[in-house]
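Heads up: the protein sequence lines correspond to chains A, B and C, in order.
Using this note's numbering, read the first sequence as starting at 5 and increasing by one per residue.
Using this note's numbering, read the second sequence as starting at 82 and increasing by one per residue.
Using this note's numbering, read the third sequence as starting at 255 and increasing by one per residue.
For the record, the hints were derived by calculation from the structure and aren't laboratory data.
Glycine is no exception: its CB is placed at the ideal position from the N, C-alpha and C atoms.
Don't take each hint at face value.
Which stretches of chain A does chain C cover? Using the computed rule of at least three CB atoms under 8 Å from a CB of chain C, they are [as the list claims (entries may be wrong)]:
hint, stretch
1, 200-211
2, 216-223
Take a look, some chain A residues computed to stay more than 12 Å from chain B by CB distance [unchecked claim]:
hint, residue
3, L40
4, L43
5, V44
6, N51
7, S56
8, D62
9, L65
10, I118
11, V144
12, D170
13, I282
14, S304
15, F314
16, S329
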Amino acid sequence: MSTVTTTPPAPAAGRSARNLVDMVFRARELSLVAALVVLVGVTAVANSNFLSGQGVKDILLNTSILALLAVGQSAVVMTRNIDLSVGSVVGLVAFTTGDFLSADHSRGIVSVVILGIAIGAACGLINGLLVSFCRVPALVVTLGTLYVIQGVDYYLAHGRQINAVDLPPGLLDLGNGSVLGVPYLPLITVLIMLAMGFYLRSYPSGREFYAIGSSPEAALLAGIPVRRRVLAAYLLSGALAGLGGVLWLARFGTVVADSANGWELLVVSAVVVGGVAITGGVGSVYGATLGALLLTTIGSALVVLRVNPFWQQAVTGALLLLAISVDRVLALRVARLLRRRNVRRV
Amino acid sequence: MSETTSEAAPAQKASPGPDAPGPGTSRRGVGHLLRWDVLVTALLLVVFLGGSLTSPSFASAGNLSFALGDLGEIALIALAMTMLVVAAEVDLSVASVLGLSSALVGSLWDAGWSIETIIPLVIVVGAVCGLVNGLLVTRLGLPSLAVTIGTMALYRGLAYVVLGDRAIAEFPQQYASLAVDDVPGTPIPYPVALFVVLAVVTAIVLHSTGFGRSLFAIGSQEEAAFFAGIRVKRIKLVLFVLSGTIAAFAGVIFTLRYGSARADNGVGIELAVIAAVLIGGVDFDGGKGTLGGVIAGVLLIGLLRNLLMLNDVTTEIQSVVTGLLLIVSVLTPRLAAVIRQRRRLPAP
Amino acid sequence: MGETGPEQPTLALSHVSKAFGAVRALRDVSLELFAGEAHALAGENGAGKSTLVKTLAGVHRPDSGQVLLDGEPVVFHGPADAQQAGVAVIYQEPTLFPDLSVAENIFMGRQPRGGLGRIDRRTMNAEADKLFERLGVGLDPQRPARGLSIADQQLVEIAKALSRNARVLIMDEPTAALSGNEVARLFNVVKALREQGCAVLFISHRLDEIFELCQRVTTLRDGAWIAAEPVEGLTHEDLIRRMVGRDLDALYPKQETVAGEVALKVDRLTREGVFADVSFEVRRGEIVALAGLVGAGRSEVARAIFGIDRFDAGSVTVGGTRLPAASPTAAMAAGLALVPEDRRQQGLVMELSIERNIGLAGLRDLRKGPLISRAAERDRARDWAVRLQLKFGRLTDGVGVLSGGNQQKVVLAKWLATGPSVLIVDEPTRGIDVGTKAEVHRLLSELAAQGIAVLMISSDLPEVLGMADRVLVMHEGRIAAEIPRADATEESVMSAATGRAA
Numbered sequence: 005m006s007t008v009t010t011t012p013p014a015p016a017a018g019r020s021a022r023n024l025v026d027m028v029f030r031a032r033e034l035s036l037v038a039a040l041v042v043l044v045g046v047t048a049v050a051n052s053n054f055l056s057g058q059g060v061k062d063i064l065l066n067t068s069i070l071a072l073l074a075v076g077q078s079a080v081v082m083t084r085n086i087d088l089s090v091g092s093v094v095g096l097v098a099f100t101t102g103d104f105l106s107a108d109h110s111r112g113i114v115s116v117v118i119l120g121i122a123i124g125a126a127c128g129l130i131n132g133l134l135v136s137f138c139r140v141p142a143l144v145v146t147l148g149t150l151y152v153i154q155g156v157d158y159y160l161a162h163g164r165q166i167n168a169v170d171l172p173p174g175l176l177d178l179g180n181g182s183v184l185g186v187p188y189l190p191l192i193t194v195l196i197m198l199a200m201g202f203y204l205r206s207y208p209s210g211r212e213f214y215a216i217g218s219s220p221e222a223a224l225l226a227g228i229p230v231r232r233r234v235l236a237a238y239l240l241s242g243a244l245a246g247l248g249g250v251l252w253l254a255r256f257g258t259v260v261a262d263s264a265n266g267w268e269l270l271v272v273s274a275v276v277v278g279g280v281a282i283t284g285g286v287g288s289v290y291g292a293t294l295g296a297l298l299l300t301t302i303g304s305a306l307v308v309l310r311v312n313p314f315w316q317q318a319v320t321g322a323l324l325l326l327a328i329s330v331d332r333v334l335a336l337r338v339a340r341l342l343r344r345r346n347v348r349r350v
Numbered sequence: 082m083s084e085t086t087s088e089a090a091p092a093q094k095a096s097p098g099p100d101a102p103g104p105g106t107s108r109r110g111v112g113h114l115l116r117w118d119v120l121v122t123a124l125l126l127v128v129f130l131g132g133s134l135t136s137p138s139f140a141s142a143g144n145l146s147f148a149l150g151d152l153g154e155i156a157l158i159a160l161a162m163t164m165l166v167v168a169a170e171v172d173l174s175v176a177s178v179l180g181l182s183s184a185l186v187g188s189l190w191d192a193g194w195s196i197e198t199i200i201p202l203v204i205v206v207g208a209v210c211g212l213v214n215g216l217l218v219t220r221l222g223l224p225s226l227a228v229t230i231g232t233m234a235l236y237r238g239l240a241y242v243v244l245g246d247r248a249i250a251e252f253p254q255q256y257a258s259l260a261v262d263d264v265p266g267t268p269i270p271y272p273v274a275l276f277v278v279l280a281v282v283t284a285i286v287l288h289s290t291g292f293g294r295s296l297f298a299i300g301s302q303e304e305a306a307f308f309a310g311i312r313v314k315r316i317k318l319v320l321f322v323l324s325g326t327i328a329a330f331a332g333v334i335f336t337l338r339y340g341s342a343r344a345d346n347g348v349g350i351e352l353a354v355i356a357a358v359l360i361g362g363v364d365f366d367g368g369k370g371t372l373g374g375v376i377a378g379v380l381l382i383g384l385l386r387n388l389l390m391l392n393d394v395t396t397e398i399q400s401v402v403t404g405l406l407l408i409v410s411v412l413t414p415r416l417a418a419v420i421r422q423r424r425r426l427p428a429p
Numbered sequence: 255m256g257e258t259g260p261e262q263p264t265l266a267l268s269h270v271s272k273a274f275g276a277v278r279a280l281r282d283v284s285l286e287l288f289a290g291e292a293h294a295l296a297g298e299n300g301a302g303k304s305t306l307v308k309t310l311a312g313v314h315r316p317d318s319g320q321v322l323l324d325g326e327p328v329v330f331h332g333p334a335d336a337q338q339a340g341v342a343v344i345y346q347e348p349t350l351f352p353d354l355s356v357a358e359n360i361f362m363g364r365q366p367r368g369g370l371g372r373i374d375r376r377t378m379n380a381e382a383d384k385l386f387e388r389l390g391v392g393l394d395p396q397r398p399a400r401g402l403s404i405a406d407q408q409l410v411e412i413a414k415a416l417s418r419n420a421r422v423l424i425m426d427e428p429t430a431a432l433s434g435n436e437v438a439r440l441f442n443v444v445k446a447l448r449e450q451g452c453a454v455l456f457i458s459h460r461l462d463e464i465f466e467l468c469q470r471v472t473t474l475r476d477g478a479w480i481a482a483e484p485v486e487g488l489t490h491e492d493l494i495r496r497m498v499g500r501d502l503d504a505l506y507p508k509q510e511t512v513a514g515e516v517a518l519k520v521d522r523l524t525r526e527g528v529f530a531d532v533s534f535e536v537r538r539g540e541i542v543a544l545a546g547l548v549g550a551g552r553s554e555v556a557r558a559i560f561g562i563d564r565f566d567a568g569s570v571t572v573g574g575t576r577l578p579a580a581s582p583t584a585a586m587a588a589g590l591a592l593v594p595e596d597r598r599q600q601g602l603v604m605e606l607s608i609e610r611n612i613g614l615a616g617l618r619d620l621r622k623g624p625l626i627s628r629a630a631e632r633d634r635a636r637d638w639a640v641r642l643q644l645k646f647g648r649l650t651d652g653v654g655v656l657s658g659g660n661q662q663k664v665v666l667a668k669w670l671a672t673g674p675s676v677l678i679v680d681e682p683t684r685g686i687d688v689g690t691k692a693e694v695h696r697l698l699s700e701l702a703a704q705g706i707a708v709l710m711i712s713s714d715l716p717e718v719l720g721m722a723d724r725v726l727v728m729h730e731g732r733i734a735a736e737i738p739r740a741d742a743t744e745e746s747v748m749s750a751a752t753g754r755a756a
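Next comes chain A alone, as it looks inside the complex (with noise of 0.2 Å):
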């Protein structure tokens, strides 16, 4: 590599690297999406009622939640941190504010959102403080906030339910209607992945999350406000999981404390599948929305394909480690021909 070349050596080598590399990254999202259409097929040839409007529209719904968590986790994780905690904001999120409309019924859908938002930000918040500012393992504070906010959040509910009679039928209208034949939330999730997806790629202070992930010790020497990032991924992980959890209040209309309980393991999946990497700075919230999109149809097709559901849980987790698995090889691969064209570039 260091030798004494006197012309520069050809940058084609170079390119041709670039292009595999860009390659194996597209090739994440592209085999993403030729699973889910296999998946696809192969369920509705054996049950033709799982491609019927009512099927479709149902996956979509289903999708949406865990996709506007999954591009809130999709944050955090690219900065080489975990957030456990979104399941129980979720939960505890759907119960206040469901707590919050049926004492008074005349209280506005907007408020609704904005106090769910608020609680969901508020958990990110302390979150976000103990990782960035108080150096502790994201792991070890949002496990331990994942108990926390879980027991705050039976405390509150005391064995009680919310039902949808007592809520305002706005709420539940957002949660089911749809226009132009387009449910509310998978509208609602799109919208911010696109955002979410268009800032980390298309601004400075988005790039530097994938920077923070990459190395966080390169970050701090390039003068990166590395607690802030990781703060702010928290707070908008944090803010999407209470979105997501009005959402659920509305999808739903009854709701018990233990919402979105487990979700965490879903969500982590959903991420990981969807090819970012557990160890930061690669991946993308689109690829993050097809990784939930493509758990929620497998969980749907097992269901039409009649299979014991309980097989649910065990395929994510094995989805999870095939995901993680396959990237490991497939860097593995990449860094080997790196290595090779490094060498014949000498």
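Based on the hints, put chains B and C in the right spot on chain A.
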């Protein structure tokens, strides 16, 4: 995952950090008092005294024996987890292995197998679960956090596949009593006695053998350990297998103790285990910790839970307390380090 | 030329002190950087150079004393503040984001903007291309930084610093991985910058480079300021004396030895894409140097021999035993020892004490029954610490508090304690002060005289020529030449290393 959190670490690590034992002999005494495992032991005493004062039945032999027995599975798994965390790995799938083991015990018993056949089989399954974790971590070089989040879902899912949402009860009395009864002539339940034996063995292995030395070296600087000829991968594989095996065994005890096999047995136990290990002063980033500290941490969590239960505090609040303890246990040493650093900074 | 610059220094340190715990890294150090002047910072490793650089870069804040910008006291709260003030730093270790493109790495935080404040990637890539053209390298701005060689990473760092149009350019050993040509190009660019009025701080352990590039030199020793003076009129010896505080009679005390039987035999060793068809022998009593440019595959050969990396073909034989691939344990059992390239990552467990580090490679020998004997561990450590004249407080101190040279002695002690028949040392004196360097050379020489076969990888040409009985030169992953001591000259080794000779 933990690397990110050390934002300011490059500066600190490059220099002889604040934790490096310096010649500041005058502060040595203070440093000793600030030692985390000492603090935890003190806290343990405070909880014990507070418990005896507020709740008359707390300090009775019967209650303590119950509290200890109730801790059995957590304590057992914490032994393996300590070694893993010292080596800078973590196993989040332990509670799921426990659940899978419980589900297997239930379904095989239901199918008419004898307990004598079931137990070894289930333990082998646990070892295989650990082996899968270990192979993914060591052969593919994946972070154990990601792997065990995946297997946490996978093994729990398999538990449901095995048993669905059924509950199998009615285990014969002679087996159930093994998990509950005291060792004759003592107030010590069998699982506790087993724990004491295993804890002594673990302490010796961790602190006085080459294997233990290797764990600390791997945890603080894996590459250097590898260059020193330590078989890093093999050792890690052994740890994961051990963790799976112990978790499966804990699943057997759990099932017999409650006399109920369910797929969701022990959900969330990994939190209590990790909390106990971290409260015990083991550094989540590896390379630091003592088994004595962990035992103090296990006891602290156990007594606290028992105390809350005696005072009729609901299980929800108990999980809040465990969660808070977990956060505090990792937060305090870091804050203490910052404070110590601040105090030393104005050097002459 | 710098003498006639403006009397106000662009950036200066005034009586700065900085301590980390008990270690006082800087004591009352002053430094003045003038526009249009290249200033060298000389000193052994551990003299405080890197701390000084990090203070100027805003990474560390001084405990006492001031940083002055254009004569005014400033406080840098972080690297961002220093960058804002026009200070660009090239660190010793490249600090790139492996997942981001080369261009993004260069422009992180200062990306050219298009409509809506978006990043203008086209302009960014074009700008990066221009920078590489200036440096005369053909890197693709859009490829990810992952997989770049160390030299290329360093070039990206240099491009990054150049792109800042900085008023102050600080370079902490930028040339260590660069070939002669790349160094020459870098120097041309730096000279041009200097003439445009940039203040330059340059650190290098190659004294020739200091004399070529710089006008003034400040010397540090043990964190204290020793001298600041014009380079003109100084000799190498003057500078070394200031750095180490004494004269050095013999830096390369090579003893004549008689080569014995073959101890290490490497036959047609190949690791795909890294090195190919490497064959050589090292005899007892011999010091064989493996020379070549950084990236030629020397360390990789050593790693494969020791079993760190798997080799794809060929064989390694130590004392008649053929080693299996990828097993350090087997290599150690056969009598191999490897003092690795990166002391802090590979050589030592920084958090462990001196005695535990020394014992680490021989845990098996320290056993009494199944348990480790602490007494045996302590004896082994004390024995070797004394033999290598290790300077330490207590054996239970963490190795982190030791200086670089003493850390290297701990690594050597760890391996010598295993009683090896073949010792591979990879850059044994990199980043070590001149005083310890001579001690390490003497030690290697003695070891060879005792009949140990030594394979020494080194980028330090005088060291190679001064210490080796034979020189193997690697080029592009192959052995390009084998030169006996009598014929080894700077010229003959370099021409083989750069592929000019057959």
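We went through each hint and held it up to the structure:
1. 200-211: holds (count 4)
2. 216-223: holds (count 6)
3. L40: Fine: 20 Å to the nearest Cβ keeps A/L40 off the interface.
4. L43: holds (18 Å)
5. V44: holds (22 Å)
6. N51: holds (22 Å)
7. S56: Nearest chain B Cβ is 28 Å from A/S56, so the label holds.
8. D62: Non-interface label stands for A/D62: nearest chain B Cβ at 22 Å, farther than 12 Å.
9. L65: Its Cβ never comes within 12 Å of chain B, the nearest being 23 Å, so this holds.
10. I118: Given a closest Cβ separation of 26 Å, the condition holds.
11. V144: At about 5 Å from chain B, A/V144 fails to clear the 12 Å cut-off, so the statement is violated.
12. D170: holds (23 Å)
13. I282: Per Cβ check, A/I282 is inside 12 Å of chain B; nearest 4 Å; violated.
14. S304: Since the minimum Cβ distance to chain B is about 17 Å, A/S304 lies beyond 12 Å and the statement holds.
15. F314: violated (4 Å)
16. S329: The assertion about A/S329 is violated, with a minimum of 6 Å to chain B.
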